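Quick note, the sequences are listed as chains A, B, C, D, E, F, G and H, same order. Residue numbering for the first sequence follows my numbering, beginning at 23 and increasing consecutively. Residue numbering for the second sequence follows my numbering, beginning at 23 and increasing consecutively. Residue numbering for the third sequence follows my numbering, beginning at 91 and increasing consecutively. Residue numbering for the fourth sequence follows my numbering, beginning at 91 and increasing consecutively. Residue numbering for the fifth sequence follows my numbering, beginning at 45 and increasing consecutively. Residue numbering for the sixth sequence follows my numbering, beginning at 45 and increasing consecutively. Residue numbering for the seventh sequence follows my numbering, beginning at 49 and increasing consecutively. Residue numbering for the eighth sequence follows my numbering, beginning at 49 and increasing consecutively.
Please note that the accuracy of each hint is not assured.
Unchecked claim - List of simulated lysine to aspartate or glutamate pairs, DMTMM-like, C-alpha gap at most 25 Å:
1. K85(G) to E262(A)
2. K269(G) to E367(H)
3. K37(A) to E367(H)
4. K122(C) to E111(C)
5. K242(G) to E174(B)
6. K274(G) to E367(H)
7. K85(G) to E107(B)
8. K315(H) to D331(H)
9. K242(H) to E174(A)
10. K28(A) to D115(C)
11. K37(A) to D245(H)
12. K37(B) to E159(D)
13. K124(E) to E257(H)
14. K242(G) to E251(B)
15. K314(G) to E46(E)
Claimed, not checked - Beta-carbon label-pair distances, calculated as ranges:
16. I136(D) to T34(B): 27 to 37 Å
17. E36(B) to R234(G): 47 to 57 Å
18. N224(E) to E224(G): 35 to 45 Å
19. N167(E) to E224(G): 31 to 41 Å
20. R211(A) to V173(B): 22 to 32 Å
21. P168(B) to Y257(A): 43 to 53 Å
22. E101(C) to P168(A): 30 to 40 Å
23. P204(F) to P221(H): 23 to 33 Å
24. P168(B) to E189(F): 31 to 41 Å
If you're looking for bench data, these hints aren't it; they were derived computationally from the structure. Predicted model, so just to flag it, every value in this text is computed and none were measured. Idealized CB from N, CA, C, for every residue including glycine.
Read off the chains here:
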Amino acid sequence: MRIVAKRPHSLTEEKFHYCPGCTHGIIHRLLAECIDELELREETIGICPVGCAVLAYKYFNCDMIEAAHGRAPAVATGVKRLLPENMVFTYQGDGDLASIGMGEIVHASARGENITVIFVNNTIYGMTGGQMAPTTLIGQKTSTSPYGRSVEQAGYPVKMAELLAQNEGSAYIARTAVNNPANIMRTKRSIKKAINTQQNKKGFSLVEILSTCPTNWGMSPLEALKRLENEMIPYYPLGEYKVKGD
Amino acid sequence: MRIVAKRPHSLTEEKFHYCPGCTHGIIHRLLAECIDELELREETIGICPVGCAVLAYKYFNCDMIEAAHGRAPAVATGVKRLLPENMVFTYQGDGDLASIGMGEIVHASARGENITVIFVNNTIYGMTGGQMAPTTLIGQKTSTSPYGRSVEQAGYPVKMAELLAQNEGSAYIARTAVNNPANIMRTKRSIKKAINTQQNKKGFSLVEILSTCPTNWGMSPLEALKRLENEMIPYYPLGEYKVKGD
Amino acid sequence: MAKGRLSFHIEFCKACELCIEFCPDGVLALDKDYINTSGYHPISAINPEKCNGCGICALMCPDMVIEVERE
Amino acid sequence: MAKGRLSFHIEFCKACELCIEFCPDGVLALDKDYINTSGYHPISAINPEKCNGCGICALMCPDMVIEVERE
Amino acid sequence: MEEQVLFAGFGGQGVLSMGQFLTHAALGAGKHVSWVPSYGAEMRGGTANCLVTIADEEISSPLTENPKMAVVLNRPSLDKFEPKLQANGTIVVNSNLVDREAIRDDITMLKLPVNDLASRFGNPRVANMILLGAYLEKTKIVGVEEALNHFEAIFQGKKPEIINTNKKAFLAGVEYARQNW
Amino acid sequence: MEEQVLFAGFGGQGVLSMGQFLTHAALGAGKHVSWVPSYGAEMRGGTANCLVTIADEEISSPLTENPKMAVVLNRPSLDKFEPKLQANGTIVVNSNLVDREAIRDDITMLKLPVNDLASRFGNPRVANMILLGAYLEKTKIVGVEEALNHFEAIFQGKKPEIINTNKKAFLAGVEYARQNW
Amino acid sequence: MKGNEALAEGAIKAGCLAYFGYPITPSSEIAEYMARKYPKIGGTFVQAESELAAINMVYGAASTGARVMTASSGPGISLKQEGISFIAEAELPCLIVNVSRGGPGLGGIQPAQSDYFQATRGGGHGDYHILVLAPASVQEMMDYAILAFDLADRYRIPVMIMAEGTLGQMMEPIIERESVINDYDRSWATTGCKGRDPNIINTLHLLPEELENRNIILHDKYNLIKAKEKRAELFMVDDADLVLVAFGLMSRICKKAVMDVREKGKKVGLIRPITLWPFPDEDIRKVSDTAKLFLSVEINMGQMIEDIKLAVNGQVPVEFYGRIGLTPNPEEITQEILKIAEREGF
Amino acid sequence: MKGNEALAEGAIKAGCLAYFGYPITPSSEIAEYMARKYPKIGGTFVQAESELAAINMVYGAASTGARVMTASSGPGISLKQEGISFIAEAELPCLIVNVSRGGPGLGGIQPAQSDYFQATRGGGHGDYHILVLAPASVQEMMDYAILAFDLADRYRIPVMIMAEGTLGQMMEPIIERESVINDYDRSWATTGCKGRDPNIINTLHLLPEELENRNIILHDKYNLIKAKEKRAELFMVDDADLVLVAFGLMSRICKKAVMDVREKGKKVGLIRPITLWPFPDEDIRKVSDTAKLFLSVEINMGQMIEDIKLAVNGQVPVEFYGRIGLTPNPEEITQEILKIAEREGF
Ligand SMILES: Cc1ncc(C[n+]2csc(CCOP(=O)(O)OP(=O)(O)O)c2C)c(N)n1
Ligand SMILES: Cc1ncc(C[n+]2csc(CCOP(=O)(O)OP(=O)(O)O)c2C)c(N)n1
Ligand code: SF4
Ligand code: SF4
Ligand code: SF4
Ligand code: SF4
Ligand code: SF4
Ligand code: SF4
Ligand SMILES: [Mg+2]
Ligand SMILES: [Mg+2]
C-alpha cells in the first residue's frame, strides 16, 4: 500500500478555522505540499495577510510573520533583503493585495523583489463580512454593493495578473483556480513554478488563485464552486501571463 | 497684427519659482492654454501635488487644492464625485504619482474616475534635491543611487502609461514630451483630448509628459532637452496607449 | 483494478460535501447518525469496497479529513 | 514673407536660452549688459528685423517672457 | 425588573439572531432592551454569543459578566459560561451537542435535543427557534403569544413559508418545554 | 571669541557653499564651528542663506537673529537682513545686484562688483569665492594663507583646473579688498 | 437599531450625503448602511481603496463645502493621521468616526478606549486638535452625529466621534430626531470660480513667518473652542467623597456601579466627559474642591487619567482602574469602589 | 559633518546595515549617506515607494533579528503610525528617526518640536510607547544613534530619535566613536526554523484574555523602562528661582540665555530632558522643591509643558514660551527670562 494523500509536514496539526467548503484550505494544502516536496520548510519564512487567512501563522509549520493589512509585500521585502537565501512567500487576499495593498504589490513587482506571492482572489472581503473588493464582479451583490456592483459607482474589477505582468520585474505571473481536481493540480504546478522562480533568483513571482467564499456569497460550497467556474473564470481567464526565460 | 503667443488667462501674473529652463513651466502654459480655449477656467478645480509643482495653486488662475504627497487622485475623486459637472485635474510628478501615490492612481483609473491627470515624468525627485524616482532610468545617477540605478538594488523603471492602459476604467492614456516645438504641440493636443474625454464623461484620462530637471540632472537646460530626447524617449515610447471609443 | 483504503479524521470534517460530489465511485456520504464536536455530521464511506484509491476526495477536501492509501 | 513683432517681459527671464536655440532665424540673444532683479542676463532681440513671427521662441519659453505678434 | 440572558453557540448556529428575535419581541412588548453581540471572539468557525438585557426603565449597564440566564448550543459554551452564571440561575442546553450534566448544584439546567427536533423540519437552521420557544415558555420574559404576534414584523421580507417553518419550530419548542420542563 | 556671519543670496549663487568653505577653513584652523543653512525658505528660485558661528570654545547657540556680519549677494537679502544686523556690524554686498546704499548709519557697508569681476573668469559660479576672499582679507576671521592651505582638502575630488580658478577668484577678492576697503 | 446604524442615520439627518470609507470591524455597518441608503436619496458612497484614500477623498469632498464623513477603527484611524493633520490645517469641516477596538498592532476587535491619546493629542504631526465626542448610548450615536456636523461647520474643524466597538454593535430602541441644519458661510469652498476670485485650499507655508502665523490662528481657534464647547455629565458628585471619571460606554457601566454602591450608603459620584477634546477640566476642578479622591475608569492602561490630573493639579489624589480586551463590568467596578472606600474609610 | 550624516554614521557604527526609507526634507541626507556608504560595506539600502512601505520593510527586516532603521519627517512620520504600533506590539527593536519640521499639514520645512505629543503619547492606535531620545548637537546625533540601538535591543522596543531639522542640517566638528555592540538574545527572530520550532511574529490577539495579557506584559515593560532609562541634563538648577525646561536644539539656545542672564546675577537654571519618553519627571519633581517657577520653552504651541505639569503636580506654577516656524533665539529667551524675573521679583 502506498499513501496517495495525507496531511503535509509543512502544516501544523491545527484545525482550520475556515468555513465549511472554503477553498482557502485547499490552497493552504497545495502550498504546504510544494514546500514539502522542495524540502524548503526549514528555509521558509511566510507572511500572512489580514483577511480570513490572518491566522495562517498557526497552520504553516515554518517561521511566520503576521503583516499589517496589505503590507505583506513590504514586510517580505524587508525579510528577503536580509535573508536572500531563504524562501519568502506572502499569502494575500484580494482586499489585502488588490485594494489597500496595491502600492506595495505593484512596487514589489516593479523592483523584481525575489519573493513568491500567493494571491487568493474570492471577489469579496471574507473576514469582515462580505464587503465589495476591487475584484468583485459587475453586478455582484455585497454588503457595500447591496444592489450589485455598478460601473458608474465602483468602476471595473481589477485584473491583477494582467496588470503585474506589465512590470519588467515580474518573472512569473499566473492565474489558476481550485474549482475541480484538474485545476487544483494545475494550481499546484504553478505554485511550484513560482517557488522555483524565486530559487533561481529570477525575480518577482505571483500566482493568482480564484477561490470561493460560500459564506459571504450566500451559497453552499458546491454552488460556490459552480459560480467560480461559470462567472469568475470567464472574467478572469486562467493561464500564465509572464514566464521569464534565462 | 495678430497675437501669436501671449500669457494665457488661466495663469495668474505670478512668476514661476522653477529653475531656469525647467519644462514644468512649458507644461503649465500648455494646460492653461487648453483651459482657455475650452473656456473652462471658471468650471475648473485643480489639484496640485507635493513636488516642485507644489506651488501650482499660485499659478493657475482657477480654484485650486493642495493635496498631500501622492494623494491628488483621491482628493480629485472627492471633488469630482460631489461636483460631477466641473472640470477636475491633478498635476503630479513621478515621485508623487508613481511612487507614494501608486495605489491612488491605479484605483482612480480602475474606478474610471472621470478626472484628468497631468503626469510630469522627469525621472527624478526634483523638489527634495534629486533622489531616485521609480521612473529613474537604469544607470542614472541620483542622490540615492549615487553609483547609478542598478536593477539588482532598485529594479526596473515603471512605465505608468502602459500600466494604467491595462485598466478598463482608463479612457484616454498618452505619453508625450516637451523637448521640441513639434512634441510640445502634440502634448497640447493630448492634454486637450484628455480634457475632452472628461467632458464627454468617458472616464479616467492621463497624459504622461516627459519633462526635464536641469538642476538635479546637473545639466544646462539645452543638455537636458538632449537627454530627454536621447535617453528618455527610447525607454518611454511616445504615443497614445488607450483611446476609448463611444 | 486498483483498490484504495480510506481513513477519516472526522473531527476536522465540516460536512461541505465537496469530496462526495467529486468521488467518481459514490463511495462517500455524511454520517447522519453522528455529530462531531463542531456540530457537523462528518464524512463516512458508505461503500468502501468501491474505492479505487484515486485520491480525488482528499484533493478536494479543504480540511484534510481524508487520508487515502492505494494498493 | 511674414513679419513678427516681439515684446519681452524681461524680469521673468531666467536666461535658459531655449528660445535662442530654437529660433529659426537667429533673432535672439542674452543681453550681457543688463542683469535683471533675479540676477540673470535677460533675453533680447539682436536682429528683430529678421523675426518672422513664427512664435517658436514663445512656444519653448518656460517662463512666458516672450509675446509675439505677426502681420 | 432588569433581566439579562446570554445566548451562546457556534458561529453558524444562529445565536445572534436568537438574541435579536428576543430583542424585537421585547421591544414590541414596550420594554427597554439592549442586545450586545460578542463580535469579538466571533471569528470564522469560532463561538459566538450575545447578551440581551430587558428592563422596565432605562438600562444602566448593557454588560455583565454574571447573567441570570444562559442558552447554550454547544459544549465549549457550557464550559465557558456555567461558572459565570448567577447563583440560582438557569441554563438551557442543546443536549445533542452537550454531553454532560451541570457541575454546579446551585443552578438549574434544562435540556433539549435541538438537533433531533430540528431534523423533523428538514432544516437545521430552525434549531435556534425551537430553543427560543422553549425558553420563553419557561421564563415568560416575553409572553409566547406576544412573541408570535411579532413574527411577521421581525421576519419581514422573508418568504411566508420560511416564517411558517420558524413559527412551527418555535411552537415545537414551546410544546417541548410544556411536556418536559 | 565667538563670531557669527550670515551669507545670503539667490538659490543658485552658491551662498551655502560659501559658508561651508569658511566652516572647513575655520575647522582647519582648529576652531569650533557650526554651519546652519536656512534650508527653510530655500525653495527653487527662492533666496538661500546660512549662518556660520566660529568660536574658540564650545558653541552655545548656533542660532541668532542678529549676526555681527553679513555677506549679501542680492537686493532682497539686503532688505531682509540689514535691519537685523548688530549695531557696528559689517555688511558686504554685491554691488552689481544691490543698487542701494545702507539705510542704517550704525553699520559699515562694503561693496564689491562681483558679477563684473566674475565675468573675468568666464564663469559666474566663482562669484562666491571672490566675495569670500575679500571678506576674509577684511575680517581675518581665518587667515587668507590658512584658507589657501585648505583649498585642496575642501575641494577634494574636484578637477585641478576648477580648484585653480576658484583660488584665482578667491585671490582676486583678496586683492580687491586690499585696494578698495 | 445598531449603534453604527443610528450614527449613520444621524449623519444623514444632518445632511451628510457623502461617505468615503474602507471597511473595518467594528465600524463596517456604517459604510454598509450608507451603501444601502444613499442610492435611494441621491447620496455619494465610495468604498475607497484604503483609509489613506478615504481620508483624502474626504479632504477633497469637504473642500467643495459639502458635509462629508468617514469611519474606521484602530489601524485604519492610524493610517488617516497624515490626512487628519492636513484637514485640520486646511480647516475643513467633516466627521471622522472611530468605532474603536483593542490595540496595539492588529490587536483584537474587542471594544477599547486605547485611542484616547491619539484622538485628543493629535496622532498626526504638528500642533493641531480635533473636536472629540464620546457617546454612551445608541441614542447618542445618532444625536452626536447631528451635533458633530454643526460643530464642524461652526468652527471649520474635523470632529471625531469615538465610540467603543460595543456601542457600534449593540441595539437599543431610539427616538428619531429631526435636525435643524444651520447654514454657515461656504464662500471659501472650491466649487469653480465663476463670478469670483479663485479659492485655494492649501496647507503649505514655506515662509517661517507665514507658518507661525497659521499656527497662531489655529491656536486662537482652539482656545475659543475650549472656552465654549467643553461638555460633561455630572452624576451625584455634590456630596461625593469618591468621584469616578469615565466616558462612553464605560461611563454607563460606572453609573450602575455608583447607584449600587449608593444603596450601600457610600458617597460616590461620577463625572462623564462628553467632549474628550476640549476636556471638561473646569468641571473636574470644581468637584475637586469637595471630593477626596478621583478614580479614572478606562478601557485601556491609563490615558484620560493624565487630563484628570492636569485638571485637578495636585489638589487630591487621582487613581486608575482599567483593563483592555475585557471591558470592566458593573460588578467589578463596584468591588473596586468598595475596596477604596474601605481603605480610605469613606 | 552634517547632523544627519553624523546620525547615519553612528547607526553604521552600531552595526545597523539596513536602511529602508522614503526621502523627505529635512531628513533626506540620512538616506543619501546610506546610499553612498552601504554598497561599500555590504549594507542594504532600499528606497521604499512610500513611508508606509518603509516602516513595514523595517518590520520585516527587524523580524530577522538584524539592526535596521528608517528616517523621515512630519507627514512621513504620520504615515508610519500604523506600522509603529505594529512594531511596538511585536516588540521588534529598530530605530526610527524624525528630523522634524513644522506642521500641521504640509506645513513648512522649518525646524519644529510640534511632534512631541505624537512621539511621546503614541500617534498610533493602542496602548504602546516608544523610547524617544532628543539630541542637542551633531555629536549627540552620532552618540544617540549608537545608544538607540542598544536600548532597542535591550528592551525589544522601537526607539525614536527626534531632532529638529536644524540639527540635521547643521555642521559641527565631531569626535568619531567606536561602539561596543552588546549581543542580545535573538532566538525569537524569524530566520527559517532549521533545527528548532517555528518562530512567529504576530500582533493579532482575538481572545479578550489574550489581548489583555499582551497589554499587561507591554505595560510592565514600559514601567521597567520608566524605572531605568529616564535621562536628563541639569544645568545650574540648585539655587535657581526660575528653571527653564527645554529639549534638543532649544535646550542649547536656552543654555546660552541662562548663561547670559546669570551674568546679570539672576538665579536661573535649565533642565534638559534627554529621553522624552520616558520623561524625566523625578528630576523635575526634585527641583520643584527649590524652584519657584518653571518655564517650558518649546518650538511649538505647548506640548511638553503637560509632562512638566504632571511632574510638578501643582507644587509651583509652570509657564510656557514657544513659537513655531521661527526658532526662538537666545536674545528673545533672555528677554523673556528678564521679563519674568522682573515680574516675580527674582
Ligand atoms: C488597516 C486596516 N484596514 C482594514 C482592516 C479590516 N480588514 C480586515 S481583513 C479585510 C479584508 C479581507 O478581505 P480579503 O483580503 O479579500 O481576504 P479574505 O478574507 O477575502 O480572504 C479588511 C478590510 C484592517 N484589519 N486593517
Ligand atoms: C508624505 C510625504 N513624503 C515625502 C515628502 C517629501 N517630498 C516632497 S516632494 C517629493 C518628491 C518630488 O518628486 P516628484 O513627485 O517627481 O516631483 P518633481 O519635484 O520631480 O516635479 C518628496 C519625496 C512629503 N512632502 N510628504
Ligand atoms: S468568510 Fe469566506 S473566505 Fe472567509 S473563511 Fe469563510 S468562506 Fe472562507
Ligand atoms: S528642481 Fe528640477 S524639476 Fe524642480 S524646478 Fe528645478 S529643474 Fe524643475
Ligand atoms: S479515493 Fe477516489 S474513489 Fe476513493 S473515495 Fe476518494 S475519490 Fe472516491
Ligand atoms: S470535503 Fe472534507 S470537510 Fe468536506 S465533507 Fe468531505 S471530508 Fe468533510
Ligand atoms: S517668433 Fe520665431 S523668428 Fe521671431 S524670434 Fe521667435 S522664434 Fe525667432
Ligand atoms: S526661453 Fe524664456 S526664460 Fe529662457 S532665455 Fe528665452 S526668454 Fe529667457
Ligand atoms: Mg477576498
Ligand atoms: Mg519628478
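How the hints compare with the structure:
1. K85(G) to E262(A): violated (42 Å)
2. K269(G) to E367(H): Given that 25 Å is the threshold and the Cα spacing comes to 21 Å, the pair holds.
3. K37(A) to E367(H): Violated - the C-alpha atoms of E367(H) and K37(A) are around 61 Å apart, more than 25 Å.
4. K122(C) to E111(C): Roughly 17 Å between the alpha carbons, so the hint for K122(C) and E111(C) holds.
5. K242(G) to E174(B): violated (53 Å)
6. K274(G) to E367(H): Cα-Cα ~19 Å, so holds.
7. K85(G) to E107(B): holds (23 Å)
8. K315(H) to D331(H): Status holds; Cα separation ~18 Å.
9. K242(H) to E174(A): violated (53 Å)
10. K28(A) to D115(C): holds (20 Å)
11. K37(A) to D245(H): holds (19 Å)
12. K37(B) to E159(D): holds (22 Å)
13. K124(E) to E257(H): Since the Cα atoms of K124(E) and E257(H) sit roughly 13 Å apart, the hinted pair holds (cutoff 25 Å).
14. K242(G) to E251(B): It is violated: about 40 Å lies between the C-alpha atoms, which goes past 25 Å.
15. K314(G) to E46(E): holds (23 Å)
16. I136(D) to T34(B): 27 to 37 Å: Between I136(D) and T34(B), where Cβ atoms are some 31 Å apart, the hint holds.
17. E36(B) to R234(G): 47 to 57 Å: Cβ of E36(B) to Cβ of R234(G): about 26 Å, so the range 47 to 57 Å is violated.
18. N224(E) to E224(G): 35 to 45 Å: Between N224(E) and E224(G), where Cβ atoms are some 44 Å apart, the hint holds.
19. N167(E) to E224(G): 31 to 41 Å: holds (36 Å)
20. R211(A) to V173(B): 22 to 32 Å: holds (28 Å)
21. P168(B) to Y257(A): 43 to 53 Å: Roughly 46 Å apart at Cβ, these two residues keep to the hinted range, so it holds.
22. E101(C) to P168(A): 30 to 40 Å: The hinted range 30 to 40 Å holds for E101(C) and P168(A), with Cβ atoms some 38 Å apart.
23. P204(F) to P221(H): 23 to 33 Å: Hint holds: Cβ distance 27 Å, inside 23 to 33 Å.
24. P168(B) to E189(F): 31 to 41 Å: holds (35 Å)
Violated hints, listed in ascending order, are 1, 3, 5, 9, 14 and 17; each of the other numbered hints is respected by the structure.
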